[in-house]
Amino acid sequence: MPSLLDPGARGRVILVGAGPGDPGLLTVRAVEALRSADVVVHDGLIDPRVLDLAPVSAQRISVAKQRARHTVPQDAINALIVAHVKVGSIVVRLKGGDPFIFGRGGEEVEAVRAAGLPVEVIPGVSAALGCAAEAMLPLTHRDYSSAVSFVAGQCKGLTDQDWSGLAGRGRTLVIYMGVATASDIADKLMADGVAPDMPVAVLEKGTLDGARALRTLLADLGAMVTREAVQSPAIIIVGEVVDLSDAEDKLARWARIAETVA
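Using my numbering, the letters of the sequence shown map in sequence onto residues 12 to 273.
In case anyone wonders, no lab produced these hints; they're calculated from the structure.
Some hints could be false.
Claimed, not checked - Pairs of lysine-lysine, DSBU-like flavour, derived with a Cα cap of 35 Å: (1) Lys76 to Lys199; (2) Lys97 to Lys199; (3) Lys76 to Lys97; (4) Lys261 to Lys216; (5) Lys261 to Lys199; (6) Lys76 to Lys261; (7) Lys216 to Lys199.
Input sequences plus hints: build the corresponding full structure.
Shown next as structure tokens:
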């Protein structure tokens, strides 16, 4: 089957992962897709330099989402994509990170296929991989972690999720969309038996200007997020591998301040 990037093929959808932010982390194939676009339907956190890779003539449509408020409902996004493809447009659906990791890419593929239209997915560097690499934080390590799990901290209610066994010694847990519920996440994990002194990192705005990599202990997670005024986008990483990273130890800093005051 020929690639959907064939310039002779019209009326199709290409779901493209834009990576965690830095345009330099786009794949070659993603750049090719953007350069072929008639319409770019994009998330709100896409770097303008990435959008500039599409032709000047390409229509750019933002479907930005905010916590607890979707500017454009998912059903409307699906309908928008399908409508543009039906008139023969090459539609690039540009999504932060990877389309198939908390990007609703699966739902959009289903909608396009249900309409009988062709669709291709070009993977992207996920936020977990890109942000962890920048912070020199290995998600797996022969001495510290042989398993890594990805969960959403704000997906159909935190209490509905079963994370039993996902965090602890020898494991790494990566939590997307967890800044607003950081205290609840810490309580949930400790209630499940994860040690309060388990290292945890918060990687804020990874690969972007103003990026910060902060670390503390699980029991201090919620307090640190508040003290440091952490903002989204950010991911939380729980596990012993955090101690190998370049993330700044914020708890140790406050301990030194307390000693000085005393």
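Now for the hints, and whether the structure bears them out:
no.	hint	result
1	Lys76 to Lys199	holds (26 Å)
2	Lys97 to Lys199	violated (46 Å)
3	Lys76 to Lys97	holds (25 Å)
4	Lys261 to Lys216	holds (17 Å)
5	Lys261 to Lys199	holds (22 Å)
6	Lys76 to Lys261	holds (31 Å)
7	Lys216 to Lys199	holds (25 Å)
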